[in-house]
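Asker: Got two chains here, each in a separate frame; can you build the complex from them with the hints?
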Amino acid sequence: MLLKIDISVSRSNWQARYTCEISGARVVGVIGRSGSGKSTLLRQLAGLDVDGQGDVQINSTLWQSQTIHVPTAHRNVAMVQQDYLLFPHLSVQQNLALVQKQSALPIADQNQIIDNMGIASWLSLKPGQLSGGQQQRVALVSAMLQKPRLLLLDEPLSALDFKTRSQVLQQLKNYLDQYQVPAIYVSHHLDEISSIADHCLLIQNAEIVLSAPTHEVLDHPKLEQSVSAEQFGSVLPIQAIKFDHGDHIMQCQIIPLADPETSGTIEGQTIWAPIDAILENSQLHMQLPAKNIVLAHKPIEGSSFQNCLSGKIVRLVQEFDHVLVIVRVDGHDLKVIVSKRAQRQLELSEQQLVYCHTKSVSLLTPAIAH
Amino acid sequence: MSSDDLSAIFLTLKLASATTILLLIIGPLIAWKLAMNRGKLSYLVEAVVALPLVLPPTVLGFYLLLLFSPNSGPGKFMMAIFGEPLVFSFKGLLIASVIYSLPFVVQPLQAAFRSLDQRLLENMDLLNLSVFDRIFTIIIPLTLPSFMVAILLAFAHTVGEFGVVLMIGGNIPDETRVLSIALFDHVESMNYEAAHELAFGLLAFSLITLFLVYGYFGKKSYQLRWT
Numbered sequence: 049m050l051l052k053i054d055i056s057v058s059r060s061n062w063q064a065r066y067t068c069e070i071s072g073a074r075v076v077g078v079i080g081r082s083g084s085g086k087s088t089l090l091r092q093l094a095g096l097d098v099d100g101q102g103d104v105q106i107n108s109t110l111w112q113s114q115t116i117h118v119p120t121a122h123r124n125v126a127m128v129q130q131d132y133l134l135f136p137h138l139s140v141q142q143n144l145a146l147v148q149k150q151s152a153l154p155i156a157d158q159n160q161i162i163d164n165m166g167i168a169s170w171l172s173l174k175p176g177q178l179s180g181g182q183q184q185r186v187a188l189v190s191a192m193l194q195k196p197r198l199l200l201l202d203e204p205l206s207a208l209d210f211k212t213r214s215q216v217l218q219q220l221k222n223y224l225d226q227y228q229v230p231a232i233y234v235s236h237h238l239d240e241i242s243s244i245a246d247h248c249l250l251i252q253n254a255e256i257v258l259s260a261p262t263h264e265v266l267d268h269p270k271l272e273q274s275v276s277a278e279q280f281g282s283v284l285p286i287q288a289i290k291f292d293h294g295d296h297i298m299q300c301q302i303i304p305l306a307d308p309e310t311s312g313t314i315e316g317q318t319i320w321a322p323i324d325a326i327l328e329n330s331q332l333h334m335q336l337p338a339k340n341i342v343l344a345h346k347p348i349e350g351s352s353f354q355n356c357l358s359g360k361i362v363r364l365v366q367e368f369d370h371v372l373v374i375v376r377v378d379g380h381d382l383k384v385i386v387s388k389r390a391q392r393q394l395e396l397s398e399q400q401l402v403y404c405h406t407k408s409v410s411l412l413t414p415a416i417a418h
Numbered sequence: 576m577s578s579d580d581l582s583a584i585f586l587t588l589k590l591a592s593a594t595t596i597l598l599l600i601i602g603p604l605i606a607w608k609l610a611m612n613r614g615k616l617s618y619l620v621e622a623v624v625a626l627p628l629v630l631p632p633t634v635l636g637f638y639l640l641l642l643f644s645p646n647s648g649p650g651k652f653m654m655a656i657f658g659e660p661l662v663f664s665f666k667g668l669l670i671a672s673v674i675y676s677l678p679f680v681v682q683p684l685q686a687a688f689r690s691l692d693q694r695l696l697e698n699m700d701l702l703n704l705s706v707f708d709r710i711f712t713i714i715i716p717l718t719l720p721s722f723m724v725a726i727l728l729a730f731a732h733t734v735g736e737f738g739v740v741l742m743i744g745g746n747i748p749d750e751t752r753v754l755s756i757a758l759f760d761h762v763e764s765m766n767y768e769a770a771h772e773l774a775f776g777l778l779a780f781s782l783i784t785l786f787l788v789y790g791y792f793g794k795k796s797y798q799l800r801w802t
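Protein chains in written order, with our numbering: chain B, 49 to 418; chain S, 576 to 802.
The following block holds chain S by itself, in its conformation from the complex (with noise of 0.2 Å):
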């Protein structure tokens, strides 16, 4: 395997760990709201969270293109932030990475937070817990497998992203050009035992997360039993 390869394979599972990183922090939150709430405004939040699901990744890149352009206002606000624009960039990369993964994370999240016994919960108020002892004494170890779940998803979806790299990323070298851009690379040349290297790689690596999801983890989250 060519170290650009290589390269790229390491620069996807930084991709892949950073975007499930930030998205095991937005992603809970936002899936408590909604299962907590049942609003109107609720509906519409999780219509755009969802949004990712049916919508071509290219029409989410074309308009993250635009948004993150530093010819537009807010690209030119994210600028002043960042220190560099954010098209063709990692950053970039990551922002429109954690967007197009969130119902991944929402999602599952969301199922098995509004699946907790309202009687638990009430509970948790009578005895007055700290919010830390909420989260990560009662919430968290509840409803683990649909974290697992919510992490496997989130990492292997990154993994597999094309669409939108291609639209904001582009194919620059240790900075965006992670895996499956190679993979297309390759193909463009007619370098068809790269490709299978990386394809096959890619074709495993998802079996086996998927296989994890559902046999395991999916299985898991169904008969919470703790005896």
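Isolated chain B, as found in the complex (with noise of 0.2 Å):
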């Protein structure tokens, strides 16, 4: 899609601005903290507020201009918020049925997607007898079912459980893919960012200050001040190999980076985290928080740390109160963050060999990736 917004938008005592022009990619990932500005700018796009100035163009159709406001319901968008508004007062199939009768896919397709994001037998039940998260998935297939000309969606997975949520995440990638949707992807998250979107907008203080493809934008240093110190980190593609169904866990193993230093490939290191088991043998990403990660000269022994990769420092930023280190480990950065105070003790320094340790439970729960 050929997405370009130049929009300002000015309210009392808050002002944003959001510019960039966006060709060829087909999810474009959000990410910035909370109060950003990442709802607005998903709301002019819809057209729900009127109070922008400026340009939004996708593809060849103007939505806004300093003569045009296409109004929301000639948009043909589709969005799901995080509050994922149902009318309570209908159950779900006649939520549905409100899109499939204006819905362009085959009926056959709609009732596929049903099935697929699991929401079939919740047909008669009223928005007031699911889950939120459930609620969450039924807006979902509601937006999936409009095949809108551009999707947008704001933490549309936040009210969903771990397991769930790596389930519709795949979905939700196989039918953007399928039925050719341009989407917008809002989260906190930058597994779901990494794994769903090619693009990504970095939005700090209401305003884009990074457009680029997703990997840069996850390796660029602009983003640590665009995520909570607890999200903030890496994101290293996975492959689930095996479930040990005694405790619990999946044992997964990096998929390496091709190294330009070191020629051959290499096999990548092992991983245990907490995944469910139905996604034995899936490729995922797994999010590492950079505050998580404890360095070592030599692997830990006698701990319950359940992870310990080997790396070569690349690179020390140093920070005002922290020093940011990024260790090479199979062909990927892997962001750690350490005190200042614990880098005069190590003595870290580029080029060094070091051990990174994490307890299983701190990785944050991966997304699927194919």
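What the hints contain is simulated information worked out from the structure, not anything from laboratory work.
Each hint should be verified, as a subset may be incorrect.
[Unchecked claim] Distance windows between CB atoms, simulated: (1) B:GLY180 with S:LEU628: 41 to 49 Å; (2) S:TYR789 with B:GLN141: 33 to 41 Å; (3) B:GLN141 with S:VAL634: 48 to 56 Å; (4) S:TYR789 with B:GLU69: 27 to 35 Å; (5) B:HIS268 with S:VAL620: 32 to 40 Å.
[Stated by the list, open to error] Heads up, simulated SDA-like pairs for lysine to any residue below, C-alpha to C-alpha not over 25 Å straight-line: (6) S:LYS615 with B:ALA207; (7) B:LYS195 with S:ARG694; (8) B:LYS149 with S:THR712; (9) B:LYS149 with B:SER139; (10) B:LYS174 with B:ALA207; (11) B:LYS174 with S:ARG689; (12) B:LYS149 with S:ILE715; (13) S:LYS608 with B:ASP99; (14) B:LYS174 with S:MET723; (15) B:LYS174 with S:LYS608.
Treat the numbers as computed from the prediction; the structure is a model and nothing was measured.
Glycine included, C-beta positions come from ideal geometry on N, C-alpha and C.
Answerer: Here is the structure:
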């Protein structure tokens, strides 16, 4: 899709300016802290707020300019929001029927989507009888059935538990691929963004500060200011190999990236992660929060750390009160945050070999890659 | 009960039903506009709609009498449309009743529309729902208790009309002689027994109506739940 945005919004004591031009990408991820203006951007794109000045163009259609403001109803956008709005007095089936009536999808495809998303058994229930996560799934299905020109997803999986989140993300990805629906995907979860978005926008203080391919954005220094400290970190592609039914844990392997310095193929290192059995043999994106990684000169023994990855320090970035250490593990850059004191005591320096330790449970729930 | 009284009851029910039906067409439109637009003009419209609440019915009746009079300009125009003078006719009474009971339909509906979740209204836009679906699948079901309150109040208020009818309807059997007028007649002619029958009937009807409004539908409109 081609998406050109140049909008400024002025409200009392709050201003936003969104400027970017994206071409070629189909799913655009949006990363930013809460309150940074992500939802405002989506509302502007949907045409729900009319206070934005400027231009919005999607492919060859102008949605907004000095003289035009195409109303929401004529934009053919679908939106899934965090509060997953369904009409409370209608059953799930009736809610979906409102969309199905005017859907461009064949009935068989519609039923397939309903089945794939696992909501077929709730059709006769009212939204109030469903959990938040279930309602969110229904809202997502409703948006999918619409087969919109642009799918706007604002934290669409926020109410889902870990297991369903991976499955639903997989279905969503399949759907977007199959029907070639362009989407904008807002999320706090870097793993979701990493697995679904090919392009990414970084929003800070109601401004797009970076617009680039997802992998560049995830490695960009500006990322740290755009996500919470709990979320900041790296996303590694992994392969779930074997589920240990006794310990309820998945043995995974990092999918290595060819390193220009080391020739030949390398075997990815092992990670034990709290991943559901159903995801065995799938490729996933695993988020490793930078704060949760412990560095050591040699493998730590006799501890509860389940994961120990060896790597080489490629870069040290001095921040005001901490040091960002970039460790190359199997060709991927792993971000680690340590205190200045720890750096001094360990005498960390570039090219040094280190071991990165994490507890399994501190790994953030992964999202499906393929 | 005399046949005169029965025909007065029948006429009253006919007037109240017709008034309520007309109000159900006009009222929601005005209420929707007032709930959605907050311009200066809307305050004026709101004030005009609410006038019957505070004006003595005789004031409204007096002006309608002047307006409907075949001697006035608008009266001539309306006579050309309806084919008969509106004063002292059922049609005139119907128009007056609609105006007189308008706030009882507009006010509860306006409050209900305004309390609708803004995001649900946005969702109707996002889904590009047809006007029919918006009205009959979403808005009316979501505000149904308020519609019931509006219907009951409009009906009951029209049944209880007196001043306006006296001014522009007079006392013509089967045309404008409604319950409250018949009751007044019985009292004038000291026929207290017949007066009691009508008065008590009206009292009971009004009490039941208001009980439903406050107790059942009123409560329901505050607790909209669909589980």
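Asker: Please go over all the hints and tell whether each is borne out by the structure.
Answerer: To see whether the hints hold, each was checked on the structure:
| no. | hint | result |
| --- | --- | --- |
| 1 | B:GLY180 with S:LEU628: 41 to 49 Å | holds, 44 Å |
| 2 | S:TYR789 with B:GLN141: 33 to 41 Å | holds, 35 Å |
| 3 | B:GLN141 with S:VAL634: 48 to 56 Å | holds, 54 Å |
| 4 | S:TYR789 with B:GLU69: 27 to 35 Å | violated, 60 Å |
| 5 | B:HIS268 with S:VAL620: 32 to 40 Å | violated, 56 Å |
| 6 | S:LYS615 with B:ALA207 | violated, 43 Å |
| 7 | B:LYS195 with S:ARG694 | holds, 21 Å |
| 8 | B:LYS149 with S:THR712 | holds, 13 Å |
| 9 | B:LYS149 with B:SER139 | holds, 15 Å |
| 10 | B:LYS174 with B:ALA207 | holds, 18 Å |
| 11 | B:LYS174 with S:ARG689 | holds, 24 Å |
| 12 | B:LYS149 with S:ILE715 | holds, 20 Å |
| 13 | S:LYS608 with B:ASP99 | holds, 21 Å |
| 14 | B:LYS174 with S:MET723 | holds, 23 Å |
| 15 | B:LYS174 with S:LYS608 | violated, 30 Å |
Hints 4, 5, 6 and 15 from the earlier list are contradicted by this structure; the remaining hints agree with it.
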